[in-house]
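Using the hints provided, position chains B and C relative to the given structure of chain A.
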Amino acid sequence: MKWNRIGLESLTFPEPKKYTKEYLSNLEITNINLDEINELSTTKLEDFMPKEAKGLGKDFTSYVEEYYNSGISLHVPRNMKVEKPIILDFLMDDENPMVIDRNILVLEPNSEITVVINYKTKTQGHCFHNGLTKVYAKENSLVNIIKIQNLNDKSHNFDSNLAIIEGEGNINWVSIELGGNITGSNFTTILNGDASQGNLSSIYLGDGDRKLDLGYSMIHKGRKSNSNIETKGVLMDDSKKVFRGNLIFKKGARTSKGVEGEYVILLDPAVKSDSIPGLFCEEDDVSGEHAASAGQIDKDKLFYLMSRGLSEREAKKLIIQAAFRPVVDKIPSEELRNSINTEIERRIINE
Amino acid sequence: MKKKLLDIKNLKVNIEDQEILKGIDLEINPGEIHVIMGPNGGGKSTLAYTLMGHPRYEVTEGQILFDGEEIKDLSPDKRAKKGVFLSFQYPEEIPGVTVEEFLRTSKTAVSGEQQKLIPFKKLLKSKMEELEMKDEYASRYLNLGFSGGEKKKNEILQMSILEPKLSILDETDSGLDVDAIRIVAEDVNRLQNGNRSVLVITHYNKLLDYLKPDFVHILLDGKIVKSGGLELAEEIDKYGYEGIKAKFSRN
Amino acid sequence: MEKKKTYIEDINRGIYDIKDEVNYSYKTDKGLTTEIIIEISKEKNEPQWMTDFRLKSLEIYNSKPMPEWGADITDLNVDEIIAYIRPNTEMKNKWEDVPEDIKNTFERLGLPQAERESLAGVGAQYDSEVVYHNIRQELVDQGVIYTDMETALRDYEDIVKEYFMKLVPPTDHKFAALHGAVWSGGSFVYVPKGVNVDIPLQSYFRMNAPGAGQFEHTLIILEENSMLHFIEGCSAPKYKVNNLHAGCVELFVKENSRLRYSTIENWSRNMYNLNTKRAVVDKNGVIEWVSGSFGSKVSMLYPMSILRGQGARSEFTGITFASSGQYLDTGTKVIHAAPYTRSTVNSKSISKDGGHAFYRGLLKVAKGAHHCKSTISCESLMLDNKSKSDTLPIIELDNDNIDIGHEAKIGRISDESIFYLMSRGISEEEAKAMIVRGFVEPITKELPLEYAVELNNLINIELEGSIG
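Protein chains in written order, with the working numbering: chain A, 1 to 351; chain B, 1001 to 1251; chain C, 2001 to 2468.
Isolated chain A, as found in the complex (with noise of 0.2 Å):
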């Protein structure tokens, strides 16, 4: 397989392996039977995932489907509010260095779940992670999926996002992306029914020769949806990254909104950095809107701290933590927030 976007000329999948880690660390807390839950039948699901959503392509998500070596079934019932977050914990080694999730969550009606994800490695050997979440939150139902990756510099990362969203239903990604050597990851949201919303806010941090491909999209069907993508991330020694956001509205969206915004600071001169964002527009009565910006750091922002006694790293680093901020506080975990802030403070400072 070819990858232009991101100058890789060719890919090819391992071999597939076992995880056999416990990845499903805090259960016991919440008042989830997994028994119950993981009746649900997946050709179900088959069927009302519709085909323009494809996150990576079929190459990836077949090789999921065909291969998943791990991941969790959730059926949550009507009208249950899980309070605490199902976090599941990836920590890839020698002897398991793949991962392959395959996650499938349905939300009856009026409930609610917040899934955290957390891709990591233990050794500095080559680890491949390919993904499949397909999310199905039927009327008034409340989702948040948190995923954070930071995978060493060699290994691979891919991950398809697939959600379907009902009538008043609402999902809210989080992504942060810190590590791989190529990450590939796409979260694409169909808001079938009105009034259903989807918010995605992701951050990510390109050092060293990191590659990202990063595609959201939004697809309004129903009215009155509401979408919003809000992307921030760093770019620098030689990495590079891909956005594509897509803003979608198809005919009877009527009334429907989507917000797209994309920052990028970048701090060497060798990154790359393409966007390509799209409004694509089949009904009149909506509302799309995309904004954009690329450069460096701020010089008169830049001067200010320092003249406060920061070196000019401190400083930068202050600035891109203020940045990153409002999505780190969407994870509702402090161990977590902490781990991530650690990671950002020891690359951009130390390096």
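By construction, these hints were calculated from the structure, which means they are not laboratory data.
Each hint can be trusted.
Facing chain A, a subset of chain C residues (Cβ under 7 Å, in silico):
| # | residue |
| --- | --- |
| 1 | Ser-2389 |
| 2 | Thr-2391 |
| 3 | Leu-2397 |
Ideal Cβ positions, reconstructed from N, Cα and C, are used throughout, including at glycine.
Coordinates of chains B and C only, in the frame set by chain A:
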């Protein structure tokens, strides 16, 4: 007996199937200044928009007679031609259309007479001077980048150019400083002088220091609960809307 | 006021649709063969290198696949297109000498009048050949050359050879290759060092014959410290068969020079407009594109600015109006290839009655092109829900010391704005037209007056009773 300019009877209005006005009766004679006061959400702006004919406001019952003629099914431009004017609380910004170009088109439509370029320029300039507006406003895009106060002044400018029989001022005093309120009030008085009528809708009574209203009405929860003279405004000042509400819920 | 009034009467879409009887002295068969290319070249008495160039281009054309992105052009059968039609006249420099029917066409389009009133020079192309060319004497005296491409190839062969299809090589894409093989007509402008042409030059391209292709080539060279405003107008009557326009524009803007290139394109709605325009700008030079796309069935048009000299600048101001049966895929490309270069893009589109407007753009900042600045703004207005509107601006940044901002908006005329204007006595239709005119105002104010008036009238005609 003077012929009534506006005669509203048992007016009921829905927004998206929710009843906001629940039976309003109001009569305004030529030359009178009326004030409608009331708390937010009581239906004041709904009344203003309904009189101007905003399509979102659905009249379910009652009548709106203007100059003896039913206007409730007329489109907003037809009402404007009959002499109804609404000073908007939040005037719209229209990029690419200058104040002058817009007002000349509007004046032509309302008066039914082609406005010649030079005489119209003169008229506009003199009206702007009265309102202490700078010349450059004439060539700026309509309301675009105007401050809150500038937008309100621009509304009053339009009023004095169009010379309506009935001017409805929806919260025109909000966003204006003391000097601007005085200037605006002077202009309203100048226009009203004679047989033109004014309906002031306000939350506070800042504008009332300069206008001499003939009647004050209190609009609570979709109904006019009390009508009287200027003393009513003073009562509100003293007891607040909550006090007045309490008084009426007791009765 | 009088003059403006006359213009309003003149503007009636109908004038574009008046067909002349097809009168020609020579035309090629349909389709493309080596023989046809050699015939065209021979008919034009061209030097051997040009004949060879045409044949090489044909080879490239045959080897390239049809583009697979953008518009659907499967309906376009190039083999059905007549590549070359010579009108029944030689080129003239007095309108009296131009044959009556052709002269009448241009009279209806207002060209001779515009020449008398506001232009420094005029060229008029009818089907494949330029039938009229004239320029004011004082410009000739300053060394300005403004003529048709055929004359240029004969009289200024060295210059043409140096620049012709160097900026848009036939290898660029399939239709550039087609152009290289069958090009005919177009304008050649040469402005010597230090000369400011302060009144615009205008070329008008008119296609009369059905099932034909127009492949005019425009080559403009501005030497250092010079200035020019060039206007291009295009129209054709409507036929049931498809016509093809695959012109090519090459603009060379040298140090400290400034070129404004304005286009009002109003092809009929059976036209495939696959045009390639490109400018290369040297140190501190400026290219300004003003582009109005109203006609054609399908357009794919992305004028490109290559800012190769330090401090070079480009400005693109474009309006696209897609109505029933039209797919207009337009935009602009900017390549920042040198430090301290700046660009602005201001694009507006309107779609109505099932029309499809697509903004497609590219902004590229090359490695080493530091201190570049660019702002892009795209706004789209949808007038009904039968229509479509898409925006896809691609941004590629290869260094960090830059300042890039982009904004895009899609939506319709707000009900609140319509209500506001109606509350001032303005009818609903008039209110909408006023808002649309306001929407395109940033573009109209960049156009010469008569075009601005024409544009406003087009909006009136296009909008009349058709939106809601």
